[in-house]
Each structure stands twice: as C-alpha cells, then as structure tokens.
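Novice: Spelled out from the first residue to the last, the chains are:
2 protein chains.
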Amino acid sequence: MLADKDQNSTPLTELGEFDLIKALTERIQLRDPSTRKGVGDDAAVLHFEDADTLVSTDLLVEGVHFNLAYTPLEHLGYKAVVVNLSDIYAMNAQASQILVSLGVSNRFTLEAIEALYAGIRMAGRHYNIDVVGGDTTSSASGLLIGVTAVGYAKREEVVYRKGTKPMDLLVVSGDLGAAYLGLQILERENEVFKVNPHTQPDLSPYAYLLERQLKPEARQDIPPRLAKLGVKPTAMIDISDGLSSEILHLCDQSDVGARLYEDKIPLDPQAIRAAEELNLNPITAALNGGEDYELLFTLKAQDYDKIKDHPNLSVIGHIAEKDKGAYLISRDGGAIPLQAQGWDALKSGQGKKAGKAE
Amino acid sequence: MLADKDQNSTPLTELGEFDLIKALTERIQLRDPSTRKGVGDDAAVLHFEDADTLVSTDLLVEGVHFNLAYTPLEHLGYKAVVVNLSDIYAMNAQASQILVSLGVSNRFTLEAIEALYAGIRMAGRHYNIDVVGGDTTSSASGLLIGVTAVGYAKREEVVYRKGTKPMDLLVVSGDLGAAYLGLQILERENEVFKVNPHTQPDLSPYAYLLERQLKPEARQDIPPRLAKLGVKPTAMIDISDGLSSEILHLCDQSDVGARLYEDKIPLDPQAIRAAEELNLNPITAALNGGEDYELLFTLKAQDYDKIKDHPNLSVIGHIAEKDKGAYLISRDGGAIPLQAQGWDALKSGQGKKAGKAE
Numbered sequence: 001m002l003a004d005k006d007q008n009s010t011p012l013t014e015l016g017e018f019d020l021i022k023a024l025t026e027r028i029q030l031r032d033p034s035t036r037k038g039v040g041d042d043a044a045v046l047h048f049e050d051a052d053t054l055v056s057t058d059l060l061v062e063g064v065h066f067n068l069a070y071t072p073l074e075h076l077g078y079k080a081v082v083v084n085l086s087d088i089y090a091m092n093a094q095a096s097q098i099l100v101s102l103g104v105s106n107r108f109t110l111e112a113i114e115a116l117y118a119g120i121r122m123a124g125r126h127y128n129i130d131v132v133g134g135d136t137t138s139s140a141s142g143l144l145i146g147v148t149a150v151g152y153a154k155r156e157e158v159v160y161r162k163g164t165k166p167m168d169l170l171v172v173s174g175d176l177g178a179a180y181l182g183l184q185i186l187e188r189e190n191e192v193f194k195v196n197p198h199t200q201p202d203l204s205p206y207a208y209l210l211e212r213q214l215k216p217e218a219r220q221d222i223p224p225r226l227a228k229l230g231v232k233p234t235a236m237i238d239i240s241d242g243l244s245s246e247i248l249h250l251c252d253q254s255d256v257g258a259r260l261y262e263d264k265i266p267l268d269p270q271a272i273r274a275a276e277e278l279n280l281n282p283i284t285a286a287l288n289g290g291e292d293y294e295l296l297f298t299l300k301a302q303d304y305d306k307i308k309d310h311p312n313l314s315v316i317g318h319i320a321e322k323d324k325g326a327y328l329i330s331r332d333g334g335a336i337p338l339q340a341q342g343w344d345a346l347k348s349g350q351g352k353k354a355g356k357a358e
Numbered sequence: 001m002l003a004d005k006d007q008n009s010t011p012l013t014e015l016g017e018f019d020l021i022k023a024l025t026e027r028i029q030l031r032d033p034s035t036r037k038g039v040g041d042d043a044a045v046l047h048f049e050d051a052d053t054l055v056s057t058d059l060l061v062e063g064v065h066f067n068l069a070y071t072p073l074e075h076l077g078y079k080a081v082v083v084n085l086s087d088i089y090a091m092n093a094q095a096s097q098i099l100v101s102l103g104v105s106n107r108f109t110l111e112a113i114e115a116l117y118a119g120i121r122m123a124g125r126h127y128n129i130d131v132v133g134g135d136t137t138s139s140a141s142g143l144l145i146g147v148t149a150v151g152y153a154k155r156e157e158v159v160y161r162k163g164t165k166p167m168d169l170l171v172v173s174g175d176l177g178a179a180y181l182g183l184q185i186l187e188r189e190n191e192v193f194k195v196n197p198h199t200q201p202d203l204s205p206y207a208y209l210l211e212r213q214l215k216p217e218a219r220q221d222i223p224p225r226l227a228k229l230g231v232k233p234t235a236m237i238d239i240s241d242g243l244s245s246e247i248l249h250l251c252d253q254s255d256v257g258a259r260l261y262e263d264k265i266p267l268d269p270q271a272i273r274a275a276e277e278l279n280l281n282p283i284t285a286a287l288n289g290g291e292d293y294e295l296l297f298t299l300k301a302q303d304y305d306k307i308k309d310h311p312n313l314s315v316i317g318h319i320a321e322k323d324k325g326a327y328l329i330s331r332d333g334g335a336i337p338l339q340a341q342g343w344d345a346l347k348s349g350q351g352k353k354a355g356k357a358e
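Sequence lines, in order, name chains A and B.
Counted from 1, the first sequence has number 199 at position 199 by the numbering used here; the numbering is strictly sequential.
Counted from 1, the second sequence has number 27 at position 27 by the numbering used here; the numbering is strictly sequential.
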C-alpha cells in the first residue's frame, strides 16, 4: 500500500517540501465565509463576526493511534479531521476551518500522501470546513498527523464541561461501543492475515462496526437539532475515551456525581452480536472502549418532554450531588463505581490499543 | 539528560495521560483578555472583539528539527513556541494564545517533560501569550512537538506575502545567518564530544550565535514599532528558511522581481568571524541558512526617511518588475539569480540540517 511498485508512484525524495505542499494544497477549495486567507501565507486569517472563536488540536501517531496494516489512508485522513471537529461540536459550536500538519517518512510515495489528503478534503466537503493551513515535514519513523480545528459560536451558545447540576438528565447521541468492537474485529483479522495472507475474510456481518472504527462521523447535527428542539445543554463533552471517562470529566468539572443506568445505554444489535462472538461484554465496550465520537450532554429535567421521542438521543441517567459519587446502576440494581479505564497511551504501552484518537 | 538516574526522576509509565496533562497544565496562568476558556475543555474559547483571527501551526520532529544531544529541553520548548509566534508577527499581528501537542516516548521522565514545558511557559510569559490547549500522547520513537499559535489584528492592519509592487524597498530586521552558524558550531562540538566526552569546549566566543540557534526570539516588537513610525509594510514574511527563499516567496505571491544587494545584508561581527573559522561564506549563511526568525518586509519608497535611521532595520534592496527576475547584486556588481536553497527535510535526508524549524 505504501511503497507500491506501481509505475505511477512518485517517491517523496523526488519532491521538495514546497512541491509536496503545492501538490497537496492546489486542489483545496474555500467554502466558509469566515475564511479571509487560507493556505499560502505565514498564518491563516479568519473573521468571526460577533462570535467566540473555538480552537482544538490533536496529534495522531502511527503505531499509537492507528495501524496502517488495516487502515486505508483515505479513511485515516477523514478520521483525523473528524475526531477534531467532534471537539468543536462538543462545545455546541460549528466548525469552520482546520490546519493539518503531516510528518512523513521516505517510505511513503506522493500517491500515498495524496490518498491521505483526499480523505482530509473529503471530510472538508462533508462537514463544510476549509483547510486553511498546516505544515509538512519529514519524520524519522512513522506517519504523524496533527490537526487543529477552529470553529465559532455566539458567546451565550457555548456549552462547557462545567455547568451541570444535580437532577439534570444525562443524555447521549447515537449508540456506543461499536468503534471499539470494530477495532477488535480488525485486529483479529489482521492476526489471521499475518498467518495466511491469502485469506479473504467475510467482513460484511461487521460492516457497521468497521465503519464506526475506520470512518467515524462527528455529530455536527446535534447542536442545531438541540437548538431547534428549544433546549440548551447544561454541560457537554464528546465521547473519545469511553462513556465512563467522559461522565467522570463532567462530574469533575461540574463538581457533581452521577447515576448511569446499564439498561439505558444504547447499543447497536451488530455490536451486541460481535461482543458475544468475541466473548466481550458490550457494556464494557461502551463504558471503556472509546472512539464513538458521540456527544454526551446534560439537560434540565423539565426539557425531558422535548427530547424523549428523538430517535438519536437516549436518556441514560442523571446527575447527582457530589457526595453521592458516580455509579453505574446495573440491571440487577447493583451500584458499581464508574472508573476512567479509557485508553491511556502512556500507561498501556504503544500500539496495544492502536486505533484510538482522543 | 533524558533517562537520568536521579532519585527524583519519575518514569512516565507511572503516570497516566490525564495525570501527565494535569502535572503540566496546573501551573498555567491566563493573561490575555481574549482568552475565555483555556486548558480543560474540549476546545479553547477565545474572543477577538472586532478583529481578524490568525492561526498558524508547526510540527517539530526529533532528529529532523532538533537534536537532543545539544539542545536543552527548556530551550527547545521556548524555541518551539517562538517559531510559531514569528508566523503571527509576520502578518503584522499580535499573538495571544498557543496550543501545544506533545508526543513523548517512555525514555523521557516526567522531569524531562516538565523542563520542556517550563520553556514553553517561559515563552508564554515573555511574549504575554496564554497556553490554552493541546494534546499529550505517546510516540513510538522520538519527541514530537506540535504548536498552534493564535493571534489577532484589525482587518486593515493584516499584511500578507502578496501586496508589494516594483520600486518598494526591501527591508529586514536584525541580522542574518547567525542561527545557522550557531548550529554549525554545535554540530562541530558534538562531533568532538563523541570522540572525547571529557572535552570542555570554550563556547564563549560563539555566545551570540548559540543563543540565536538555541533560544531565538521572534520579532514581536516590529509590528508596533512600524505603526509608531507611521509605516505599514506592503508585504511581509518571517525568515525561517533563509533570506533567498523568503524573497522568492514574496516575489511569487506578489508577482514581482527583486534586487538584493550583498553589501547591505546585515551580519553580526561574531557571525563573520565564525564563518571565517568554519570556512563558510557568511552571506551564504544569511541567504540559505534560515532560522533567523527576523522579519522581511517591503515598504513604499516614500517611507524611506521614516525608517532609515532605525538601528534594527536595514534596507537591503528593492522590488522590481516581474520580468526583471530576482537577483543578488554582488559587491563587484555581478547579478546572481536568487535560489531557494532553504532547508528541505524531504530532499536533504533526516537530521542533515537538524535544528531547523519552519
């Protein structure tokens, strides 16, 4: 995939840094009216009339956050953008621009980097955001992708992790655990492939899980949907490290406790089946797997009627007084303390949970 | 330095990602009134009243942009910030915030990363900017530093690479070539050290050159100084890749040519002496060395009187019609085409010119 012997492949050593940047950026189109100047100067110039500016950044490292053995480069580029946009949407804001830094080694061809950039541009089109800058450099070993996302919101619209109060409802969009289970399937098939490269696995029963892992989407739709329903979250965060960890972040920053009900956690039927096959508990995948990029937020209890019938939103618990702690209430009524067992690159060792981006 | 056997050293494996982020960010102070929310949420929240937002990002990779054999970690942290701020000042703007992503391997101790962060905080204090976000992750091999700088300027104040016209004056701040010569001295001493680790070199004759290489400063002072002198540049860029390359960028984006006069290029006496000792041409160091982080800009000819006596500014040439090309006029009157021989990580091979950041 990387060092393909295709006649049309161009080694990066034949190009200079400026030529590579030119090849990657010449197809960029600007869409957002807040972009005054994109790629091509010392800095991008943006203008947000009467709004707050939001900025978030992430660094993705090969062998830690992704494994190129089973990650197509277009998907990787797309995902690198999506995980950053998710942070902007989690502030109840709209994303408008990204800057992309790449570190590439000579084992990559121009065509490989163009495939990565095609994924980045595809995400730009899908989410209607502009690629306005970045940096391209060499890397001694693996592929590095740094993405900075910029967005905007009116001051009174911005929602923080802090702000929820006891009795608020705990709500999540979509379903959870599928991305982690997709990763387990990919790693299992990768092991099989190493033993027998001629295997052609039938991955169709896992299509949804693989898409959640390889080409996740960020919940751009949630902030405007909530506005249309007439509700404003009291606190919000995106689910990158798993539901447990994110609930604990909200509790920590808002100085509260929480009750999460096991039987309310939304799971896709494919996730339940795959978990059974892999001998895993799908609830554990939802709590600790991460990478779902759904939004977790809290609402005033009186807003319940406004969202209760919404097919994309699930009420999964409520906020409690701080001294009540943060617990999962199991189906049999037991109370289990929530723990941040989310992904931890520094503790868990490299590559152990490759595929995870924060 | 990295894996020191000090009793007080803390392996990163003892800390989780959240603990490391907490240890690094708890001493951060916010200074800029445009920062509404810094570290600790999904995104930083900023507000620039009535101004444009400027954003620039860079990725620094160990073995490509820096060599830890002779780069103290505090200096590295400081420099990583400075090279990004320089991009904001090059837009005639003020920098206000940075976001810092780190990729660290287990060979680093907490104390090593804290030293790096101490340099980052020191730059924050010196330039009066806030550290408002970032990402910390593990890296399979070397140290990675991604910095995103944010700044602001009124729309009419922003200066682009495009905008200069024939007959405009070509002006540079400070002096050139010293950072590159400092790097040559460091690499020479590093080779000596490898042969005989007990050598204690006397580096005092090179103090200015080493400071320019290891702890450069960005020209935050130039935009307000020019405003005070009543002049606005017609185009501007910072000198990261060498004077030749930056003049060609201005020519390319403004669709013009240029004349640069060899005898006008500002050189420090220490740079001239070191170049002689190293058997290098100091003009070549100025043209192609890079990393000076001075500002190169153009002014209307009628502004000459306003800046001619300024000790920090040198008029080094002028802009010409595009069909006249871009040439260095040597002391003997010869015309040599300017060439972008700036640093190129992809072509030159890794580490060949380690120390360079764009």
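Simulated from the structure, these hints should not be mistaken for lab results.
Just to be clear, a hint being listed does not mean it is correct.
What the hints assert, rightly or not - Here are the simulated distance ranges between beta carbons: (1) T199/A with A118/B: 29 to 35 Å; (2) R107/B with T284/A: 52 to 58 Å; (3) G230/B with A227/A: 26 to 32 Å.
Said to hold, decoys possible - Once the Cα atoms are required to be at most 25 Å apart in a straight line, the calculated BS3-like pairs of lysine-lysine come out as: (4) K264/B with K165/B; (5) K22/A with K322/B; (6) K154/A with K162/B; (7) K162/A with K22/B; (8) K322/A with K22/B; (9) K306/A with K228/A; (10) K194/B with K264/B; (11) K162/B with K22/A; (12) K162/B with K22/B.
C-beta atoms are modelled at their ideal positions from N, C-alpha and C, and glycine is treated no differently.
Novice: Is the Cα-Cα distance between K264/B and K165/B 25 Å or less?
Specialist: 20 Å, holds
Novice: K162/B and K22/A were given as a pair; does the straight-line alpha-carbon distance stay at or below 25 Å?
Specialist: Holds, at about 17 Å.
Novice: Using the C-beta atoms of R107/B and T284/A, is the stated range 52 to 58 Å upheld?
Specialist: For T284/A against R107/B, whose Cβ atoms are near 32 Å apart, the range 52 to 58 Å is violated.
Novice: Could you grab the alpha-carbon distance between K162/A and K22/B and see if it respects the 25 Å cut-off?
Specialist: It holds: about 17 Å lies between the C-alpha atoms, which stays within 25 Å.
Novice: Between K322/A and K22/B, is the straight-line Cα distance small enough, at 25 Å or below?
Specialist: Holds: K322/A and K22/B sit about 21 Å apart, inside 25 Å.
Novice: Mind checking the alpha carbons of K22/A and K322/B for me, to see if they're no more than 25 Å apart?
Specialist: 21 Å, holds
Novice: If you check the beta carbons of T199/A and A118/B, does the distance land in 29 to 35 Å?
Specialist: 52 Å, violated
Novice: Does K306/A pair with K228/A here, judged by a C-alpha cut-off of 25 Å?
Specialist: Cα-Cα ~10 Å, so holds.
Novice: Tell me if the straight-line CA distance from K194/B to K264/B falls inside 25 Å.
Specialist: 39 Å, violated
Novice: Using the beta carbons of G230/B and A227/A, state whether their distance is inside 26 to 32 Å or not.
Specialist: Because 47 Å falls outside the window, the suggested range is violated.
Novice: Take the C-alpha atoms of K162/B and K22/B, compute the straight-line distance between them, and say whether it is at most 25 Å.
Specialist: Status violated; Cα separation ~43 Å.
Novice: Next pair to validate is K154/A with K162/B; report whether the Cα-Cα distance is within 25 Å.
Specialist: 32 Å, violated
Checked against the numbered hints listed earlier, the structure breaks hints 1, 2, 3, 6, 10, 12; every other hint is satisfied.
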